[in-house]
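Visitor: Same order as they appear, the protein sequences are chains F and Z.
Quick note: the first sequence uses the working numbering, first residue 1480, plus one each step.
Quick note: the second sequence uses the working numbering, first residue 1480, plus one each step.
It should be emphasised that the hints constitute simulated quantities derived from the structure, not laboratory data.
Check before you lean on any hint, since a few could be wrong.
One copy or two, either will do: identical chains are not told apart, so a pair holds if it fits within one copy or between any two.
Subject to a maximum C-alpha distance of 25 angstroms in a straight line, what follows is the list of computed SDA-like cross-link-like pairs (lysine to any residue) [stated by the list, open to error]:
(1) LYS1637 x ARG1756
(2) LYS1639 x GLN1759
(3) LYS1746 x ALA1629
(4) LYS1604 x LEU1691
Number of protein chains: 2
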Amino acid sequence: MSIPEALFGLIVTNEGHDFSDFSMDFDSMEPYLRPAGMAIPELQSGQVLIKVRMAAINPSDRVYLKGAYGQPRVKGIAGGFEGVGDVIAVGSGLYGKALDGRRVSFVTAPGGSGSWADYAITDAKFCIPLRDEVKDEDAAGLIVNPVTAAAMHAIAKKTKSSSFVLTAGASQLSKFMIALGRDSGMRPIAIVRRDEQIGPLMGLGAAHVLNLTDKDFDDRLANVISAEEPRTFFDAVVDDVSTRIHDTMPSRSRWVIYGKLSTDVPKLSDPGQMIFRGKQIEGFWLTEWIRSTPLPMQINTYRAVQARFADGRWSTSIAEVIPLDEAMERLPSALAKATGKVLLKP
Amino acid sequence: MSIPEALFGLIVTNEGHDFSDFSMDFDSMEPYLRPAGMAIPELQSGQVLIKVRMAAINPSDRVYLKGAYGQPRVKGIAGGFEGVGDVIAVGSGLYGKALDGRRVSFVTAPGGSGSWADYAITDAKFCIPLRDEVKDEDAAGLIVNPVTAAAMHAIAKKTKSSSFVLTAGASQLSKFMIALGRDSGMRPIAIVRRDEQIGPLMGLGAAHVLNLTDKDFDDRLANVISAEEPRTFFDAVVDDVSTRIHDTMPSRSRWVIYGKLSTDVPKLSDPGQMIFRGKQIEGFWLTEWIRSTPLPMQINTYRAVQARFADGRWSTSIAEVIPLDEAMERLPSALAKATGKVLLKP
């Protein structure tokens, strides 16, 4: 295949960090993205050029656009942390050669360009060659949410408890964790905001689903925690409900923060939880997991994740697939109402 | 020595927890303690009866009296977590026999009676037989502060950094940690509230002492942290200054909470510190350290602690030694103005 000279994509228009706005909502995409062309640079050693089939929009993308993500914004390249596509050119370097012509799931790398485009540039080591059974719709978001779910599930499995707590219980990531929990004999506890989310999550394998807007939520939470004794709490919300959940949990429980959906600022109201009950507050970031996890263990995780999509134990709930050239207009409302994943298609 | 039938001490008058008051100040001791006699019960297996020489008053005692400590108050027995005295009787059990007649430092145990009395009852395993060189004034507080300091210093030593941060930098415990840090080639950073504390702490071995009431405290903190790159933060205060210190520290820093001197409730304002910078909030409690640390390692720590007092590398700053029968009247003002340890003497 001949290498194109330019790509067309949603180009990031801001540089660096801005921690003034933690919300993930968008009235309009214009302050953050610009549909435009960009010359494709010569590939460096270890890089690959991917013809994008589909790209995911994750919460981390939304926080990144606002400027509040761990990595600062890079102006002038396409947005989008992950997608699926076909490798059509490779730079020098051994590992890249093996990917030439393969369909891959990928995440973007420093020095490349993002997935919300017809072509993306990333590092060969950030690509996972795909089995034929994995659908593009699943492959577009095969890394960020699924690998995070698998890695956090491994944290829960290492504790002595057979239960764990999830906020944002109806998110795609929580659904993956609930299924993983059920399949490994664990009893996941999901916290949600709407009653209609309870049935589907119970069906997926949650042992308990609690609606935090219920009048008796605190009592029900105390009962469920007393019965199941969960020791890990995976929190994507971080508000005063999170503090109460952690305070209610047994001694030596770990509060693992991996997102910040709430714009509230919780209080650290009872340090006795840390001192006398041995509790801990920590974070999880996939980028750090990749940096610190031995490669063979990473590869095992990627294989296991792909196998779950290939045989149907996991599937991605798709809310909408939006053509790339309609994205600027349609994204704000699609993201606001989405109860599943929004994908972009060049 | 004949065994007395009764002890005289400061008897705890409240039962259980009360988390409404975290302050450590006392207008009067009457709501919490009553000077009274108490029959000495028959010693159980493993217990010892100690004729008390001196007893310490620690921050943990003060929090305990208020009801906000990890262990709930036990009404009807003498208060006081630690002291020094002579073992004058032992219950059945092998280890106790070896202590008979020995001068020991001790902490109290469930089922016993506290150190603020002429006689105390505790478990043989909570006694440390003393070398002659260790003075009663040091031996009265040989366990709670010094062992906590030694155990927390070991946490700091395990990180890759050669520095650590201490709030309440002029406390007895911080002084022990500063000397330990200096002696092991580390560079302690102490945070204080008064300029006159700076000189003595620099003399003890602090690499930096910062006054948090200085106008340019935030800038100086940032400079010192950037230069020393401390990875552990031992915090006995827990307020918004604590949050700022932790936020200023490098990635993967641990905030170790071991006390709560401030009555402010800090905010968990930036969860990105946990997610993207791998930071952690945890606690330290000596009771848990004793529960979870292998006995040989504990014994090594007790030996090392005693050796430091015996050869003068450590010494306790004594503010006042108060006779037990004047304690009710004199304690409130002695504790309020103390810049060193207040001891009780039967």
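Visitor: Next, verify each hint and record whether it holds.
Guide: Quick rundown of the hints versus the structure:
1. In this homomeric assembly, LYS1637 and ARG1756 come within 25 angstroms of each other (Cα to Cα) both inside a single copy, at 19 angstroms, and across copies, at 23 angstroms.
2. In the homo-oligomer, the alpha carbons of LYS1639 and GLN1759 lie at most 25 angstroms apart both inside one protomer (16 angstroms) and across protomers (21 angstroms), since each shortest distance falls under that limit.
3. Taking the shortest Cα distances, LYS1746 and ALA1629 never come within 25 angstroms of each other, neither inside one copy (30 angstroms) nor across copies (31 angstroms).
4. Proximity of LYS1604 to LEU1691 under the C-alpha cut-off of 25 angstroms is found in neither arrangement, the shortest distances being 41 angstroms within a copy and 47 angstroms between copies.
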